[in-house]
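Visitor: So the chains spell out like this:
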Amino acid sequence: MGRKYLARKSLHALATLAFVLAFNFFLFRVMPGDPIRLLARGSATHMTPQRIAQIEHEQGLDRPLPQQFVVYAENTLTGRFGISFVTNESVTSVIARAIWPTVLLVGSATLIATFFGLWAGIKGAWGRGGLFDTTSLFGSLVLYSAPEGWLGMILLIIFVGAFHWFPAGQMSSNTGQTGIANVLDILSHLFLPCMTLVLGYIGEYTIIMRSSLLEVMGEDFVMTARAKGVPDRLVRRSHAVPNALLPTLTLVFYSFGFILGGSVIVEAVYSWPGLGLLTYRAIQDLDYNVIQAVFLLFSLAVIAFNLAADITYGYLDPRVREA
Amino acid sequence: MMLRWRPVAMAVTLAMVGGVVLSGSALAQSSGTSSPTANKIVLRVGVPGDMISPNPLLATNGNDYETLFNAYDLLFNFNPDDLSPSPGLATGCDPSADYKTWTCAIRSGVTWSDGQPLTAEDIAFTYKFIETTDENEVFTSYIPYHPTFSAPNATTLIWKSPKPTFAPTIPPWVPILPEHIWKQFEGDGKAARGFANVPAVGSGPFVLTSWNKGQGWTMEANKSYWGGAPAIDEIQYIVYDSQEAMVQALKSGQVDFADNLNPTLFNTLQGQPNIGTVKGTASTFSNLAFNFGGQGPDATNNPVLKDLKIRQAIAMGIDKQSIVDKVWQGDAEVGSVITLPSRPQWFYTPTDVQSQAYDPAAANTLLDQAGYSKKDAGGIRLDKTGQPINLNVITLPEETGSVDTGKLIAAQLQQIGIGVKLQSMSDKQIENNNWYTGDFDAYICGWGGDPDPNFILSIFITSQCLGWSDGCYSNPTYDKMFEHQSTLLDHAARVAYIQKMQQFIYDQIPEIVLNYPNYLQAYRSDRFTGWKPEPTNGGTYLFGWGNQYQGLTPLAAAEGGSSSGIPAALWIVLGVVAIAVIAFFVLSRRRRAEEEA
Amino acid sequence: MQTLDPTPSEPPVLVDEPTDLVPPKSPRRIGWARRRRALSAFWKTYRRSRMGMVGLVMMVLFILLAVVGPFFVPAKDVSVAFATGKPFQPPTVHWLLGTDNFGRSVLSLIVVGSRISLIVGFAATVVTMVLGAGIGIASGFYGGKTDTLLNALTNWFLVIPWIALAIVMASILGPTLLNIILIIGITSWAGTARLVRAQALTVKERPYVERARALGGGDLHTIAHHILPNVMPVIFANTVLTVALSILAETTLSLLGLGDPNSVSWGGIINEAFQAGALSAGYWWWIIPPGVMIVLVVLAFTMCGYALDEIINPRLRAR
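Residue numbers (numbering that gives the first Met the number 0), protein chains in the order written: chain A, 0 to 322; chain B, 0 to 596; chain C, 0 to 318.
Worth double-checking, as some hints may not be accurate.
[Stated by the list, open to error] In silico DSS-like links for lysine-lysine, alpha-carbon gap of 27 Å or less:
| hint | chain 1 | residue 1 | chain 2 | residue 2 |
| --- | --- | --- | --- | --- |
| 1 | B | Lys305 | B | Lys39 |
| 2 | B | Lys374 | C | Lys85 |
| 3 | B | Lys189 | B | Lys162 |
| 4 | C | Lys75 | B | Lys373 |
| 5 | B | Lys189 | B | Lys222 |
| 6 | B | Lys99 | B | Lys479 |
| 7 | C | Lys85 | A | Lys8 |
| 8 | B | Lys222 | B | Lys162 |
| 9 | B | Lys39 | B | Lys189 |
| 10 | A | Lys3 | C | Lys144 |
| 11 | B | Lys127 | B | Lys212 |
| 12 | B | Lys222 | B | Lys305 |
| 13 | B | Lys278 | C | Lys144 |
| 14 | B | Lys99 | B | Lys162 |
| 15 | B | Lys479 | B | Lys127 |
| 16 | C | Lys144 | B | Lys420 |
None of these hints come from the bench; they were simulated from the model.
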């Protein structure tokens, strides 16, 4: 794609990141209440006046605001997010432990939801009004209307409470297996939380794909292709879908932020030891350093994903490529 | 374009799948506890919260105490049948005629876990250390009158008290610390409290070897323990965020024991295969503790609480039976005094116990007549300065029942015109902040009592402010009473006097004892045997008063882990999905081939 | 917060210039007559959509429930201390949906909870729409530097994952009802703003707007009389969908423990059930019904919103 396009989009991503950093900074300084007291509310050690002064100095709160921002930016960009007040470890190490489980959960859910959602959307739009379309549309609407956390609970009630098919939570049985047995064990724990996220978001993807394809189907070039006698399946696959796929895929990328957000409550329900569960506990314990760090991390992930979407779009869409 | 987007889509998909698989395998490496080496006997205990600290000077909750019981010895242990003193490091202590000098015979041949010998010197050192370095007075109630200690030889300890005392036989709940480790901190309370103490050098049956904060801690058997090597090689304490997760783990065999369950979950475990349950009857009390201020400049206690009539009205406004029914589902008794019904030798029913029975009408009358008759628009009474009486009450979600009790009390006190604002905090938060600063009006927490009431009586004396006192209650009369009871050498006289003290506390209402809840535990009956309740009548199997792991031996199934088979359902689903995906690609390839032809 | 707008398309024209068969009246009368006609034409089209009608009926029923229902529930029934049921009872004839941990009837809780759930949904939507439409119109209409700035702001807010922002704000500000409403509004306005801006941009280029300005119409007049009415349909459809999303957002926040502990909402009921161990204990009657209510109400608003979307975007309609 054009270099200008790439440069523009990257710059845009960086600007967004800068905004998020600034926003996070001001959020804690501008909010009512003394920021130190706020930060210390969840502390695991007694906040003596000396300790408070120490934190003030570390965070630079005893300096003027612009200087504070510099300190904050420095700290954040070098990955120093402070100490988790609850466990007294560095936030970075607490987060490092929790990242992979979330990547596994959210990654697999996104892949599956995207794949099946797009498929269902295409099939539904092409056979508009038919049984599949009506059923899938209705099903998508219902799933879309259900809160993910509650969906997770329902799955637990049915598949664990009633049928005992899956373990009730966490990521592994912790019985020290290795190798394939361990992988299978993790898979059996992964199944339900992943399904919950898939069910929660597949509806959206189906509907997006369906609408997109319907729009394209109304275009002239599709009618032309049909008039030329091109077989239906080929029209769909070579003409309609690719054009509908582009905006759909980018929208799917853009809605990644929602699956990531949805993982917070799903991980809480299943005690899946990822960033979501970490956030859930941090909320209960008022561990602000962790909350702030996760906020930044989530934003970063979404910005990165959006940039990836822009780049993919730029690569695939010839109209943009030349820009 | 169509020809080109397919490889890109493929590439993107592969990249994502690769990423997911990689993270999956990274997880597979890092997850799971270290697999037990063959033939190592491990007892896994699930706990619903973490330790606060294994440093004796900071020990606070049940987990801390259980660890200390395992890692260290006491002068005297608690007899497992009735919690009376039984030989520990001391085989016996003899008083002088005036009860001012006690000579204790210390057993020989005991070693610390690092190989050093344990002598009477260590015991003398420990008690002196408490005197000089325990600034928070965590243990001072056990060592009254500032006695002096000496160890003329390795097996004799002399306890010289300026006043007559029976303190050595209570028994003093002070873990005996190795002099060669702790001497460096003598006199420096801050440094002493800053000592992590992991791994811990002790003389007890198990050694604390590691603590993974938020996840759990591990203790290994001390094979040279003077009381005999434990049959278990290792105890793993595993911290669970939620009791639900812990119960699931018990059911699936990931843990062998689940501690401190709430009644709802406990009831679901009745009659489950391979699961046993145990109820420690009325072994703790739950109370609403008032804050009287005095912690420091940030104390925010509402001064209206200093009016006894307000506290009386609050006591009458709380329906303790409803708390038993709704919060504990019957697994508790209505509370009154600070000793426990399960210790009949000390337990006392106040003569005027009806005066605090649930009677909202009487409470309203009392408040009307006490000068709090004016109310605001919401029905909340105004205090003498015209401010509505709103109490800031802290509940502790980590303590079973605290939050729900708070909700009930808030609704009930609304009826007598007292507003309650509930705030929930973790144990750590309140330990390290609000309790120090005094930034609360009341909180709802539980107390486990020592077998001897000396400890629980001490939490109300003035000098325990910022020590064990919940709300810095201060009453010189009571302080004198506490002093006096510790001088009474005649057991009957002491019992009678302590009853007087209980009556006093009951009437002064520094806190309201709400209930005596049962302590609920569950365990796998197919893993270990030898479980004994301590004390015999209505005691618990673990987290009691001493080494309850000594008698546990594994049943055959304890070796290795459970292999919960991958459920057939999962195989079927995986298979179906795999077939569907393959079919999809195969068919689409064929169709495309047809069309291009 | 994202709305289900599948196509970033050009907004279609909705209002045609009417033919006047009636003798000319005052401009105002003409205006109102036109609006009435447009409205009835709109209603006729809407009625044809089965999805729209089902959604509308459900919506009305829920609003009725929220307004009228709680009057039939005695205060005692939802009081923690004074409820008369035994805790954890499964559904019986007397307690149709069983009881919770305090012995309160789950059915009563659901009826009372409808009010808060819907109020929060509507109020948060008001905040979202005022912010979103306001910024979107200003951005689209004024163009230039204002547009660049506001558009950048909108895009930034679009990027931030709403739940992360909501968590940060809720944990700082504290979980009161007002805060929740504000937080949902602040995390959702960007989606609306983007939509409205796109519509406003198109409308701005239309001939009658140019005409109005040529005739000396000021900014405010143009916005109020020309931009706004033509942006209205998009705003309207978006509003309905936003209500659905706001209700879902309130539920999610409640499930995370960030809901107002002093008021009963459907999400709050589910959260309490979860915290009390209803999952392990199998108290399905406490968890399933509130969730079903949420699904139904969100479905209702979503179906209406979709029907509206189809009307506004004729290309979505079946040919």
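Visitor: So, for every hint listed, does it hold in this structure?
Guide: Results for each hint:
| no. | hint | result |
| --- | --- | --- |
| 1 | Lys305/B with Lys39/B | 58 Å, violated |
| 2 | Lys374/B with Lys85/C | 33 Å, violated |
| 3 | Lys189/B with Lys162/B | 30 Å, violated |
| 4 | Lys75/C with Lys373/B | 25 Å, holds |
| 5 | Lys189/B with Lys222/B | 33 Å, violated |
| 6 | Lys99/B with Lys479/B | 20 Å, holds |
| 7 | Lys85/C with Lys8/A | 61 Å, violated |
| 8 | Lys222/B with Lys162/B | 41 Å, violated |
| 9 | Lys39/B with Lys189/B | 39 Å, violated |
| 10 | Lys3/A with Lys144/C | 22 Å, holds |
| 11 | Lys127/B with Lys212/B | 31 Å, violated |
| 12 | Lys222/B with Lys305/B | 55 Å, violated |
| 13 | Lys278/B with Lys144/C | 72 Å, violated |
| 14 | Lys99/B with Lys162/B | 6 Å, holds |
| 15 | Lys479/B with Lys127/B | 25 Å, holds |
| 16 | Lys144/C with Lys420/B | 49 Å, violated |
Going through the hint list in order, the structure does not satisfy hints 1, 2, 3, 5, 7, 8, 9, 11, 12, 13 and 16.
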